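Peer 1: These protein sequences, in sequence, are chains A and B.
Residues in the first sequence are numbered consecutively from 1, following the numbering used here.
Residues in the second sequence are numbered consecutively from 1, following the numbering used here.
Hints are computed from structural coordinates only; laboratory data are not their basis.
Any given hint might turn out to be false.
Unchecked claim - With a straight-line Cα cutoff of 25 Å, these simulated DSS-like cross-link-like pairs (lysine-lysine) come out: (1) B:K329 x A:K165; (2) A:K165 x B:K340; (3) B:K165 x A:K165; (4) A:K340 x B:K165.
The model shown is predicted, which means the values in this text are computed figures rather than measured ones.
Protein chains: 2
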Amino acid sequence: MRILILGGDGYLGWPTALRFSARGHEVSVVDDFSRRRWHTEAGTDSLTPIADLDERIAAWRELGGGEIRSYPGSVQDGDFLEAVVAETQPEAVVHYGQQASAPYSMASRQQAVETQHANVIGNLNLLFAIRDHVPDCHLVKLGTMGEYGQPEIDIEEGYIEIHHKGRSDVLPYPKLPASLYHCAKVHDSTNIHFACRTWGLRATDLNQGVVYGIETDETARDERLITRFDYDEIFGTVLNRFCLQTVIGHPLTVYGAGTQTRGFLNIRDTLACVELATLNPAEGGEFRVFNQFTEQFSVIELAELVKQAGEHLGYPVEIQHCDNPRVEKEEHYYNAVHTKLLDLGLEPTLLGEELVESMIHTIERHKSNAIEAHIDPRTRWNPAKSPAGRP
Amino acid sequence: MRILILGGDGYLGWPTALRFSARGHEVSVVDDFSRRRWHTEAGTDSLTPIADLDERIAAWRELGGGEIRSYPGSVQDGDFLEAVVAETQPEAVVHYGQQASAPYSMASRQQAVETQHANVIGNLNLLFAIRDHVPDCHLVKLGTMGEYGQPEIDIEEGYIEIHHKGRSDVLPYPKLPASLYHCAKVHDSTNIHFACRTWGLRATDLNQGVVYGIETDETARDERLITRFDYDEIFGTVLNRFCLQTVIGHPLTVYGAGTQTRGFLNIRDTLACVELATLNPAEGGEFRVFNQFTEQFSVIELAELVKQAGEHLGYPVEIQHCDNPRVEKEEHYYNAVHTKLLDLGLEPTLLGEELVESMIHTIERHKSNAIEAHIDPRTRWNPAKSPAGRP
Chain A
1 MRILILGGDG YLGWPTALRF SARGHEVSVV DDFSRRRWHT EAGTDSLTPI ADLDERIAAW
61 RELGGGEIRS YPGSVQDGDF LEAVVAETQP EAVVHYGQQA SAPYSMASRQ QAVETQHANV
121 IGNLNLLFAI RDHVPDCHLV KLGTMGEYGQ PEIDIEEGYI EIHHKGRSDV LPYPKLPASL
181 YHCAKVHDST NIHFACRTWG LRATDLNQGV VYGIETDETA RDERLITRFD YDEIFGTVLN
241 RFCLQTVIGH PLTVYGAGTQ TRGFLNIRDT LACVELATLN PAEGGEFRVF NQFTEQFSVI
301 ELAELVKQAG EHLGYPVEIQ HCDNPRVEKE EHYYNAVHTK LLDLGLEPTL LGEELVESMI
361 HTIERHKSNA IEAHIDPRTR WNPAKSPAGR P
Chain B
1 MRILILGGDG YLGWPTALRF SARGHEVSVV DDFSRRRWHT EAGTDSLTPI ADLDERIAAW
61 RELGGGEIRS YPGSVQDGDF LEAVVAETQP EAVVHYGQQA SAPYSMASRQ QAVETQHANV
121 IGNLNLLFAI RDHVPDCHLV KLGTMGEYGQ PEIDIEEGYI EIHHKGRSDV LPYPKLPASL
181 YHCAKVHDST NIHFACRTWG LRATDLNQGV VYGIETDETA RDERLITRFD YDEIFGTVLN
241 RFCLQTVIGH PLTVYGAGTQ TRGFLNIRDT LACVELATLN PAEGGEFRVF NQFTEQFSVI
301 ELAELVKQAG EHLGYPVEIQ HCDNPRVEKE EHYYNAVHTK LLDLGLEPTL LGEELVESMI
361 HTIERHKSNA IEAHIDPRTR WNPAKSPAGR P
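Use the sequences and the hints to build the structure in full.
Peer 2: Encoded structure:
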């Protein structure tokens, strides 16, 4: 298949490009390197030393992995994106090319506007490019479980059958997004659903949980193929941050009580899910939604798992409850359906102490790169709410 | 009250400014005149000759109507909007300052992007300005009934109680927006709801039906105070267009079978509703949603009403079914709740032949301004779908 990956230089985009290339697909990637720029501006960086996109591609070619075509540029530039789509004629577009940090979107008006502009306009440009050049192409869009928020009822996969006043309909599942970044993902879902209904496009929204892990089969083949690994308060996700904190002797920063529950998945399962969605495309006119995670955990459960694994490896691990910088329920009902990817054949890589230990070992190789100054949470969801004075 | 009106030069914004000023409120208006610019670019214009904003404001002052402060500029300019909010310290902001045409948003990628950028980013700028300068201010936001689309169940006012797998919750009503413009209004609702939940802002989303009418008590006082009246395929709404078509001898352009049903209201009721919402603000942290219309009609019912009124005035009126340029259901269930504004005391101005005749008489005074070239529908929701060959 001809596959175009937007955001193909990123944490998930690059391993996805390698995966499809390894399977013999014709892969092109678009990236404007904004993720690298945001880190430079903030004084943070990936723990793993990542090669430039050209070098990564050259290394992959050298290892016999096949040719990956690179198109440097921004999805926000509609003319550029249209030209790339017209030239590459993709059968599937995997769209990771977005600002993907919730704290980044909450830090200031400017960063909120940047996030919603980059994500919503980029995605809108893509919908028009597909409509006008490759209307049968399957859009595989990365959404997030955070679109749903914390409702009091079970979270279904994108739609819910509602019985109301003697009538019924299957309608988009109501959303309570958790940040302005998550709002932007809801906006994208709304626009894509409209494009499917109106133009007959085909799309799959992958409402992904929180991803953890560093290595995939392909990135492990050569140090030059390694993907980025973030652990700072802006771009780091919770389990990755806990593992890094263990190695550098920093307390595990649990926000609030840590009883907040979410869906999680291994980076290897992200690739498996994206591959399953791509190889089993939605029908023309269909807006398909999958909840892409494998297990639910509370934050404190993850902290305790990492503490146990770390201590078995000889690290002294302290769990520190920070004043929660987010506005979210800490004690809440959470039960999210996630059967559609299993039905397509997903075999989950479940989280256990062994997996945490293997992440810790990979982190140990790069621990000299760690920048400790940007780990503790500083970006508050509601700046008017003063910290409650937790340690 | 100190009231800031965004889009205060528009069809509804200007009469709203006059209404509040006439009631003794301290009114400021923001507008960047983009609506006038879009008409100039398209070669269309308001049927009614509208004075410049400065002239309108001077005429109102001359008539003893009080001082209206004007801030020319764009809500898309976050620094400008923040400065206006900081200076005027509004107790209520009425936000009409958006690209408000569905066909405009569907005409091209550029116009879709312009619409979503102008509307979403402008509204996001406003949320931050309120949060940082007047957190107790009540945001009165113009939404649209078109956010809901055409579900098979009754449309509730913003929220719906869902019973699911033995549990229940009251959640945002699912949306099936009818165009990329309507999608942008859904995005705004999502962002405002988030701001209320997270920052404690107070807001009312007025999901307005299709507005008809020309005159309000204030605009009728002097020709210089008249508001704009659009009838072209881009900015004209259906009943206004039918009345104009009657006067100039153009067939009434019914899209498809005309069995599409929507909620409608008189421009006088728009002002009454906005006033009721403003004088009865939402609670802090509350995102309140009102369905703002007074009656449901199908398009063909409206055409027949106008035909009958026109014929009583001596006009020969032909109803023409055009190939529907929109992607929408023509035969469909439609029952939308709209009791919250009635509960606050709204006394609807109902539509009847007398009201249509009065609109026709006002149009007659300005009929020499009519531009016939841009009345027939040309903007197709799905350009790939060829016209089915209706007359």
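Peer 1: Does K340 of chain B lie within 25 Å of K165 of chain A when you go C-alpha to C-alpha?
Peer 2: Within the cut-off at roughly 19 Å; holds.
Peer 1: Would the pair K165 of chain B and K165 of chain A pass a check requiring their Cα atoms to be no farther apart than 25 Å?
Peer 2: holds, 17 Å
Peer 1: Given the hint that K340 of chain A pairs with K165 of chain B, test it: the Cα-Cα distance must not exceed 25 Å.
Peer 2: Within the cut-off at roughly 19 Å; holds.
Peer 1: Does the structure keep K329 of chain B and K165 of chain A at a Cα separation of 25 Å or less?
Peer 2: holds, 22 Å
Hint check: no violations occur; every hint is consistent with the structure.
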